[in-house]
Structure formats: C-alpha cells, structure tokens
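Sequences are here, hints too, so could you generate the full structure?
Taken in order, these protein sequences are the chains called R and P. If you count by this note's numbering, then the first sequence holds residues 462 to 838, one letter each, in order. If you count by this note's numbering, then the second sequence holds residues 336 to 674, one letter each, in order.
Treat the hints with care, as some may be off.
[Unchecked claim] Reference listing, derived: stretches of chain P covered by chain R, where coverage requires no fewer than 3 residues with Cβ under 8 angstroms from a Cβ of chain R:
1) 345–354
2) 405–412
3) 432–443
4) 540–547
5) 567–574
Worth flagging that the hints you see were computed from the coordinates, not collected in a lab. Heads up, the beta-carbon is just placed ideally off N, CA and C, and yes, glycines get one too.
Below are the chains, spelled out letter by letter.
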Amino acid sequence: MSSESHTAPPVTTDPVQVMAPDGTVVDPDFLATIPREDIVALYEAMLAQRVYDDRMIKMQRQGRLGFYLACTGEEACSYGPAYALEPKDWFYPAYREPGVALWRGMPFQAWVDNMVGNCDDPVKGRQMPVHWTAREQNIVSISSPVGTQIPQCVGSAYAAKLRGDGGVSICFFGEGTSSEGDFHVGLNFAGVWKAPAIFFCRNNGYAISTPYEKTTATEHIALRAHGYGIRGVVVDGNDVLAVIKAVREAAEWGRAGRGPTLIEAKTYRIAAHSTSDDPKGYRTREEEELWLARCPLKRLRAWLEAEGLWDEAKEQACTEASSARIIAALTTAESKPHPELDTLFSEVFADKPPHLVAQQAELEAHLASGTADYKSR
Amino acid sequence: MATMNIIQAVNNALHLAMDAEDDVVLLGEDVGKFGGVFRATVGLQERFGEDRVIDTPLAESGIIGAAIGMALYGVKTIAEIQFSDFIFPAYDQIVNELAKYRYRSGGEYPCPMVIRTPVGGGIRGGHYHSQSPESVFVHHAGLVVVAPSNPYDAKGLLLAALESPDPVMVLEPKRIYRGPDHGKNWSAHPKGEVPEDYYTVPIGKAAIARELTGEGVPVTVLTYGAMVHTCGKAAELAAAEGIDVELVDLRSLMPYDLEAIVASASKTGRVVVANEAPRTCGYAAEIVSLVGEHCFDWLEAPVTRVTGYDTPFPYTLEFAYLPDAGRVLKAVRDVAHYA
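As structure tokens, this is what we get:
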C-alpha cells in the first residue's frame, strides 16, 4: 500500500483539439508533426467512407443487404486511431469502426464480402454484416454484445507487457457501453495491472435512441478514469488530428509502462444507430444541424482548401471514384455464392467432433431429400 | 508413482505446465500468495512469479475476459473460478465470446484456454457453493467440458485441456477433492496413484470404472464426477443382490463418447443415468435421449435417471437433495427387474 502506487495519473476534461470546426488551426505544433500528404490521404479516406456508408444504407433499403451500421459523423474516431498506432498493436473494434479495417489494410473486397455474407466473407457468413475480422491487421473479430471486448483488450495488453514486445491494445465502444459491467471491470483490471491498453469511448450522444443524460450522471465519461487510477482524456472526436494526438499520447504512456488511458471522444452520431431505427423519433433536427456544423470532414476540407491541397474538382473526383469502387465491390460480392454448407459445422471446434459429423450428415440427407422447405438466396 | 488427492494432482499438473513453457499464465481470485481457497495453486506464485500467477480483482467477467484477451494474443491461460456458483458474471464472456471466437472469426481467432472450477455439493456449502452447472456450458456450442472423477484423470485431463486447441472447462468435483468418500482418502483407491511425470488423458473418451463380472443381471450406469463414487457404492450393493453393474465414467461431457455409451447400453439393455445437477434439462436427460435414439432395439427397460431435484441447492438438507447410493440402487433394481 505504498503511496507511490496510488499516485493518480492525470484526468483532463478540456478537449484536445488541433483544428477548430471552421478549419482554424489551434495546435500548429502538433499539426506540423503529421505529413501533409497523410492529411490529404486521411481526408480522402474519410470522404470515401461517407460515400460507402451512404451506398450501404441505400443497398439495405433496396433489400440487397441484411443490415448496416454507418459511422457518418464519426469517421475521425476510427480513421484517427488507425492512423495513430503501429501495425503490431491490437485493435478491438465495436461495430462503428470501418476506418480501423480499411486504413490498416483489410482488403476492401473482403470488407464488402462480409456485408453480404458470401463465400469469401472472412467470417464465412456466420455473423451479421459489420461483424468482420482481420487477423493480418491484428483486428479482433467483432461481437454484438457491447463492452465484452473491454476486458479482452486488457488481456491482450497485459500479454504484450508480459512478453515485453512494446505492443498496445485499443478497444472501441460508445458512451452507452460505459454503463456495462465489463467497462468498469476492464478499467479496474487495467489500472491494477498497468496494462498498455487504450479505451476509446466514442461519446456520440446516443445509445440507439437513449440520450447521454439518461444513461449517465457524470458530465464526462473520461472522469471515470480517476476512480480506476488511470489516465483520462477528453478529445474533440470530430477532429481527426486531435484524435491522432490523443491516441499517440495514450500509446506512448502505455509503451512507457505507465498503464492505460481512457479517451473520451466527443462526437455525434449523424447516422441512425443502424438500418433498423429512424432518429427522427428521438432527436431534433436543430440538434443535428448543430453537429453537422462540427462535421469532421468539413473542418478538414476547409483547412485543406485554404492550404491549396484540395478543391471542388478533387472532391468530385474522390466522391465519384469511391462510389464506383463500392458499387463494383458490392456487385462482385453479390455475384459470389454462399459459403459452403460445411462452414455451418466447421470451426465450432478445431476438429469436428462425432456429434457434429452426424448432424451435418443429417442436414445433407435432408437437403438431398427434396423436402427441404426453406428458401436459399 | 505417488499417492495424490485431486488437489495435489491438479497442483502437480499446473507445476508441470508452467515449468514447460514461459508463456503460461494462471489467474483467479486468491490463487497467488494464498494458493487458492482449495489450495490447488499452492506454491505456483512463489515459483513462477506474480506476473504469471495473478491474484485478480474480484470480478469473474474480468478474469475470463482478460484471459480471453491473453489467449487470443497467444499466451496459454488458465483461469480459476473459485466456485462454479460464481461463474455467472462471466457467463456472457464464456458462452458468447470464448465459445464463439473460432467460429465467429471464420477461424482467424481461435481461443484455446482453460477454465478450472470446483463443482458440486456435499461440502455444506449451501446454494452458492454447491451447484453443478455443466449442462448450460455443454449446451452452448464451442466449449469442451470435462469432469474428472479421480486424481489420475484430474491431472491427465487438465494437461490434455492445456494441449487442446479449443477452450476447455475442467469441472472439478470438490466433494471428492481429498477422498472418494467420507472418511476415506485417495491412498486406498487405484486412481489415487498418480505418476509425477507428464501424461494426458484423452478428451472425448469415457472410462469403465467397474466392469461386468458376468454374475447376475447386467445393468449399465452412466455418470461422471463425484457421482462415479456414489454409483460405485450402489454397484457393490447391487452385486450382493445378483445385479451386475457396468459403471461408465463419462469423463468428457462435450464432446461425449457416444461409442462407449452405445457399447455398454446395447450390451446390457438396462440403463441408469445419474447426475447430481437438477433433473429437468440436466446432462443426464441428453444421455437418456442418446441411448433411446441409438439403442432402442436392445433396451429391456425404460432408461432411468437419478438426479438432484428441481429445487435450489439446500444447506441443511443437502444430503436429502444429493442422489445417494440408495437412490441409485433403487433405480438399478427397477431396471434390472423391469418386466
């Protein structure tokens, strides 16, 4: 019970910001550390993401996709961390972090194949859309129950520390998830173990339809860090450069053996929660307008244009190219067959045990009998 | 060869596993300095250090969740849940996460790790230190579940679990940790002889705990864990009445040894299945169903269950609740004399 082990790491609630909503630079020193071509690439990627999300929603409305979750308005919260960390670091996304996949190099077609659940879907059609995985990029498989990845991220971070490989692990979740037991359990374990973990909370204002005020009485999620003896930071989640800065600092803190950081990114879910809800039923147009003015793309574009790095022609070209890319990938994805029937029974265990061999034979006989009564796609 | 009880056999297995590789971590409540409430992890932290033998905060979902993260990263992980009654805060992590990782990730993220947890009643532990939750874990696809009934198998199955590419739950029968029956210790039991060297007991294979003698009406008794000894006692009583029991120790609940079940049931045609857990949807129900599906033509009597009751596990009346040798004997007589 030494007092040194209980020295509280700092918790700050003034949002980290590099660029104001109008594109004005407020932290030129940090800005100077990011190559300008990278900033252009980040903008292009986030703009492309908006096009992909828009197309996916339309596809779902046409009945061609079962389900989709867009990250519109929150692009900076997945492209920023993906940019900030190293290839060896581990990512535990929730379900609103396509930037983690695409920036880190998950093959684009594989990402789209997951949306369709075809034979080339990395998860073999076993999960709903938006539940992809990317082993080569150290991105862990996505789960629907929220918060479960938080203690898991602590475990990976601890393992990296045990091996001394210098890796950090980051997990993503919304402010709604900070009510789950696994959030509190995970932060507590991480604090005790001084695990190099980064807890990235996207505070986008809503847990599906339930607003922030109805799910927590604390002004900032980041304040909770103090109770677990870990570092806490608030960042402007619509400022991709600020997100990069916050994640980099958290990673340095972790790699230096100082433990985890809880990052609260203040953002807004311009999108619906998923294709299964309509925000008109639970929030106002005025509120949406307020946040549209703080859009992560808008501010970056303003700065890029002022610097002569971007213009309307480039905007059009990027939008059109992204649209063509996603349409082509979706068309390809739709043309691919279902996963093999064997994938229903394989990989439950490493080797198929006898009872699953028998159940598979039973299904194959049923399908061969001509009496099967369900529709294939 | 040494005489060991189940605790010593588990402790010996853990020492061997942690000695063989640096990349093995053990974690749980009070497993470190104290050596576990049942003393199964005594000496490990002293030998392998606090980084590898971790006294965790009191949060089962954290123990399992963090163990999953370590296992995904490639560290071999052994998590202890102090009593299986306390496992439910980790239920989501076990059934939705651990059990599903390989499948849901298309094979990209297998999650081999081991959960050890003491199960069962008979220690005057009341509801929250006595339950037998095996059926719920068997039911959720993706978990290997084993239930040793003696020191030899406890060590061999634990080491096999650590070699397994799948997540394995080892359900340790706490009532028989220190002896197969009240007042007896393991030194008088053949399975109390445990080699000190490394060996494994294959997962998915049942064992014959008592063979047919050829004297009397043949009856099969299928069970596992502590009930193997209750049923063994019933078998001795039945022998005096001209009933010849083949006692099958299932050992592995998922995957199960259908071949051994069918071989014995079709040989005797008279089958009793026993488990300590409550009756409805208990593990015995599944075995009864399998015997019905696979052995109907050989059956001479209805397949019968002996189980705990569909009540919460009681404190004072636990020995009324627990299936005893007398209840097993009654069922054995019923199937032996069924006309």
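Tested hints:
no. : hint    : result
1   : 345–354 : violated (count 0)
2   : 405–412 : holds (count 7)
3   : 432–443 : holds (count 10)
4   : 540–547 : violated (count 0)
5   : 567–574 : violated (count 0)
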